[in-house]
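**Student:** Can you join these two chains into the complex? Each is in its own frame, and there are hints to help.
The listed protein sequences correspond, in order, to chains B and C.
The C-terminal residue of the first sequence carries number 225 in the numbering used here, and the numbering is unbroken.
The C-terminal residue of the second sequence carries number 1072 in the numbering used here, and the numbering is unbroken.
Treat the hints with care, as some may be off.
Partial pick of chain B residues on the chain C-facing surface, computed with a CB cut under 8 Å [claimed, not checked]:
#1 T58
#2 R82
#3 T142
#4 A159
Because the hints were derived from the structure by calculation, they are not lab data.
From the three backbone atoms N, C-alpha and C, an ideal C-beta is built for every residue, glycine too.
Each chain, letter by letter, is given below.
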Amino acid sequence: MSGLVLDRLEVRAKDTLIVAMDAVVKPGEVLTIMGPSGSGKSTALAAIIGTLGPDFSVSGRLVLDGCDVTALPTRARGIGLLFQDDVLFPHLSVGGNLAFALPATLRGRQVRRAAIEAALAKAGLAGFADRDPGTLSGGERARVALMRTLLAEPKALLLDEPFSRLDAGLRDHVRAFVLDLIRAERIPAILVTHQPDDARAAGGRIIDPLGRQVPVGA
Amino acid sequence: MTTGGALRFAPRLTLLLMAVPVIAGLAGTLRPAFEAGGVARLLDWPGLPRAAALSLGTGIASALLALAITLSLVAALQGGRLFALILRLLSPLLAVPHAAAALGLAFLLAPSGWIARLLSPWATGWTRPPDLLILNDPAGLALTAGLVVKEVPFLLLILIAALPQADATRRLTLMASLGYGRVAGWMLSVLPAVWPQIRPAVYAVLAYSMTAVDMALVLGPTLPPTLSAQLVIWMTSPDLADRPVAAAGALLQLGLVLAALALFRCGELGFARLGRRLALTGRRRIRADLWLGPLAGGAGLLVVLVMAGSMAGLALWSLAGPWVFPNALPERFGLDAWERAAPGLGMAAQETLLLAIVSTALATALVLSCLEAEARFGLTPGSRVMWLLWLPLIMPQVAFLPGLADLGLRIGVDGSIGAVAAAHLVFVLPYVFLSLAAPWRAWDPRIAVAGTALGATPGRIFWRLRLPMLLRPILTAAAVGFAVSVGQYLPTLLIGGGRVTTLTTEAVALSSGGNRRIIGTYAMLQLSLPLLAFALALALPAALFRNRIGMRAGA
Chain B
8 MSGLVLDRLE VRAKDTLIVA MDAVVKPGEV LTIMGPSGSG KSTALAAIIG
58 TLGPDFSVSG RLVLDGCDVT ALPTRARGIG LLFQDDVLFP HLSVGGNLAF
108 ALPATLRGRQ VRRAAIEAAL AKAGLAGFAD RDPGTLSGGE RARVALMRTL
158 LAEPKALLLD EPFSRLDAGL RDHVRAFVLD LIRAERIPAI LVTHQPDDAR
208 AAGGRIIDPL GRQVPVGA
Chain C
518 MTTGGALRFA PRLTLLLMAV PVIAGLAGTL RPAFEAGGVA RLLDWPGLPR
568 AAALSLGTGI ASALLALAIT LSLVAALQGG RLFALILRLL SPLLAVPHAA
618 AALGLAFLLA PSGWIARLLS PWATGWTRPP DLLILNDPAG LALTAGLVVK
668 EVPFLLLILI AALPQADATR RLTLMASLGY GRVAGWMLSV LPAVWPQIRP
718 AVYAVLAYSM TAVDMALVLG PTLPPTLSAQ LVIWMTSPDL ADRPVAAAGA
768 LLQLGLVLAA LALFRCGELG FARLGRRLAL TGRRRIRADL WLGPLAGGAG
818 LLVVLVMAGS MAGLALWSLA GPWVFPNALP ERFGLDAWER AAPGLGMAAQ
868 ETLLLAIVST ALATALVLSC LEAEARFGLT PGSRVMWLLW LPLIMPQVAF
918 LPGLADLGLR IGVDGSIGAV AAAHLVFVLP YVFLSLAAPW RAWDPRIAVA
968 GTALGATPGR IFWRLRLPML LRPILTAAAV GFAVSVGQYL PTLLIGGGRV
1018 TTLTTEAVAL SSGGNRRIIG TYAMLQLSLP LLAFALALAL PAALFRNRIG
1068 MRAGA
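Isolated chain C (complex conformation) (with noise of 0.2 Å):
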């Protein structure tokens, strides 16, 4: 067959765009770890025992609170009302970027913010923004809340994903029937089968909460911030110096990150031996379903509530005019702010959704080559290939991008928007495949046979059949990509050498001048362009398919 020579190599040539700049960029990273006393440097910085411990304490304690509430939803919930109500409030928060979330609860947390503004004066008795630091508190608690409510919408839509390989539905069924509760018949039957496929993503979220840097410098504390935000602040410094004790960091960060994660491994195998231990005594327990149930309930409303006042408080702040504390709202609604950030703002607009559609474009067509070089081929990924796929999302970013930044301007191209985009594409890649892959698989094959038996090639196949029939899936996949594509912070911050701006980029750098007004204008658009993607996924199939019943959701 020659039509199928170069889609053969479309997987091999994924993952080596996957794994070569992880694994290069690690390299690079930690070579000048050992160089000119780095190691010696950090050890010596007072901060760092509170950095590390902030870093292991925010990111355990917030990835297992995120856990616990997904979990807890879908056991005690799944199939009634108001799941369906949280999941659908939820869903589409998975688009809203890290940077604008962390603004968003920023201006709802702070001393001077929404909730105080709303208590006041007649609950606290404040006239005046009080001198408490709720924001970037010591402990970590803001950062802590805003990783939960950012986490926990990504890892109920990867569990809702896995539940129907797990026969979630029959088992539960069969756990009813035998008396049990439905929390514990679920937790025994359905959590042993969901957890392989959803474990990688709780690695990647736990790699993620203990390592974000943009989340951190908006939301954590700063006296010393956790170790990620601080490796950020010596990378970027001007003093060449600080360069050594950045990599040394790093390699510190990385070990942390691997620790906890073996930790949690730990965790697991105990948590699964007391489930079969559990299992074994036959106590039914239902009276756990009489408080789980609405304590999740609760739980999940609430991370509704504060993600909803979070982009309502944004908006706001971008419309408003004179706005005096404690009043509750603004005297006067006006574009002032958007007017004066205009200028900016459309700059930022313009790389941003440069760079978005180039990663988004280039992730669709390599993990469609993929997928059909499987479906032609037989090529099946297996387990292992999986995990590397998931390498560029578990591996703490600031290990290996300052790597592959110094990289970069080796061979003289940092500083490029497509430098950049290349970075974007290796975080990218990794949600639209996993996206995307299951619906693929899930197309009736008896199309194709029927297809080819009527003369068709795999090509035309591909482009008549099933491109079209997938679309809703594939666009939805690259819907993902565009969002993951403008929400990342650090590699468009470390790859483009300060040079290249977005607007997760500048909204992140503003929110320390504290302009709260143009602030919200940039968290304002870079949470609209998510949402209008996901729009048009939906919208466009919707509309080319409207003569089609076949075609429609759930179909």
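The shape of chain B in the complex, shown without the other chains (with noise of 0.2 Å):
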């Protein structure tokens, strides 16, 4: 079965229950984790993303295409990533970031640099394969980041607050250039966010992190 499935995926630290999530996130779907600051939104997060500390107790299962990735490493998970600020890696330019996600099993230099220029083409950002990311403004970092998620072929992706560092012009159009991505790619993903409005654009199930639905306002 395709998709990312959260099978009473609880987190305790000593005996409180922080998180507590049965879900299915189907291929192209978005699953809204939402709650104030201080509800166990970044523990869910990393429960799923697998960084939790050893300070807390994790049961139940986590199903990405029909294998248990419960207790793989992160690396080994192919859950993408986005976060909350786009964290390009400064000394590398914005081609060097995207090959840096770019499965090793594509060989070749012109290979490589063709699927770069691909990408970069579909972020509307040709040609910035030798820029520095110091130098772009934040909707195109903003950009480069999700791509670079995407080249490393995730079979499910995990926003953290993605939008929430942008200005309102920005936010909408990203948002929407990502959410459009993940439906056309078809890519399960679970956005993580305290907007109501960014969970409204996300168009699908809305939880808080002990698995109850949040009503938001049309």
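**Tutor:** Written as structure tokens, this is what we have:
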């Protein structure tokens, strides 16, 4: 079965239940986890990506395209991550950032270069490969970050408030770009946010870290 | 995980490499103290009370003075333009080896030195060098001055590095908003927070100042010299009967250092209590800023001036042709001294470079392994482990190096360049670790998460992301290590058994001969090697990342 399944995924710190989620995210769908700060959003995120500290205990399963990935380290899970900030590598060019993500199985300078150029063109950034990420605008950086995440060929995506640092005008534009691409590439995605309009735009189920349905007005 | 197998043991291996030589050396030095009447002969030496008093006096006085100058500079002036100027001028002086600093100061202070020449005959009336004991004065004032100017840059940089963790800026703003004077506000609110972080460095300065050998041989009194200097004379004496006396003396020196540290600790507690009492009085002490600011600035500038004058003097003498007293400058300049010294300089420079490169490369690799192990397995060193790292810097060198040399003799590696490099490593590694740990830990952890979410292995994250992004602090730490190795006197002398000759051992050995031109060439070369290393550490990352805005300093 393709898609991302949170199979009674629960996280406890000592005996306190912080995260309890049971959900199926189909390809191209976006599940939104919403809640105020301190509600366990970042714990839920760390549990899904696999970066929880030793003080937490996890039960339940995380199943991706039919494989149980609960025990796998972050790099083997196949879950791409988009941060609140773009976290581009400052010492590499735009192309270098994308090449870092491109699987090593894609061999040959020409082939890799072509894949990078294609990804940049898709993001409306054709010809940006040799640019210094430090010279890009906020919107451009956000799009490079998304393309970098997608080039690693993730089987699912986790979006950690990726739009909250963008100013209002840019925000709708980048959000539409990201969500459209997720639907077009048919990737199951989880969006972590505290902004109701992000949740509405995502168009999927909206729950809090304890699995309860969150109502957001239309 | 298979990749981390060896890495997991890096911290333990590193600590062993630090602690074992110190402990084994200490045992090896102190054992002969009780043989062959070493203690009795030491007590019979008429110079003993004075030598011991000199060690305590010059050590404690210079450490306290350096600490007072450093603290008042930061308390009164940090954030201002004068402070920025002093800091910019003092930072490169950290790279100046102790021996070169001592020789430069000697050139400045001697009766026939530069200061006397600049003032004569118009101010002093001297047409010949006066018969005054300004240098090597019996009270050790020249030695104290040398130690102060050398330790102020070190303490200042350690203190500056500790300030961000103490949340200094916000605390100062808060104190100012409560109406406190700058100095009072700093002393009451920032000092208690930074003190635990700089304490090991202060202890190291105190222990070092009490036991420095190279500076004492150049600047210190002679009859008797400081205890440590006399110990080295006994240790390197051809008469083997002097060895037990040296061992007994090393035991005494260790006792003196521990006693001084204990005394200092008591002083610390008393000072802290006084601070708490003063805080309760609520007095704002605004007027303290008026006199302490100019005083601290003056002292800082004086340190800069003395060091700059010393370096200029070294350069001048190495290039001097005929230069009769009391002329302020030589009649001619030339490369005669350099040409005459060239063969010896070349050999010594070669060994110096080899030792520095090997010990620095090993130290940097070990420190990177430790820090990477910390990042991957969460093996964060506790405060007790950090004290172990400071052990080689706080333990007096004369107390453990002779035993280590003895051990080397027994296993047949004495006098080899490898053994000397290993001894250098013991002193280089702590400095490399202390320089690199903070920037390493300050690296944005989300970069690693981003890398691993893109499928990168820990190895790939280390080599492709963390290492290049931290290239500048890594190279700076390596340059610090390089400078430390170049400056090593006692380890080279004792472990090398006289068969390993570096610029430092040569410069100190030549200092008693009095050929200032030749000494000048050795000291100049000795101090240019570390400066070159620092220049390279700045230039290389700047060139590599010239097109990366996010990699600029402060970005």
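**Student:** Going back to the hint list, which numbers does this structure go against?
**Tutor:** none
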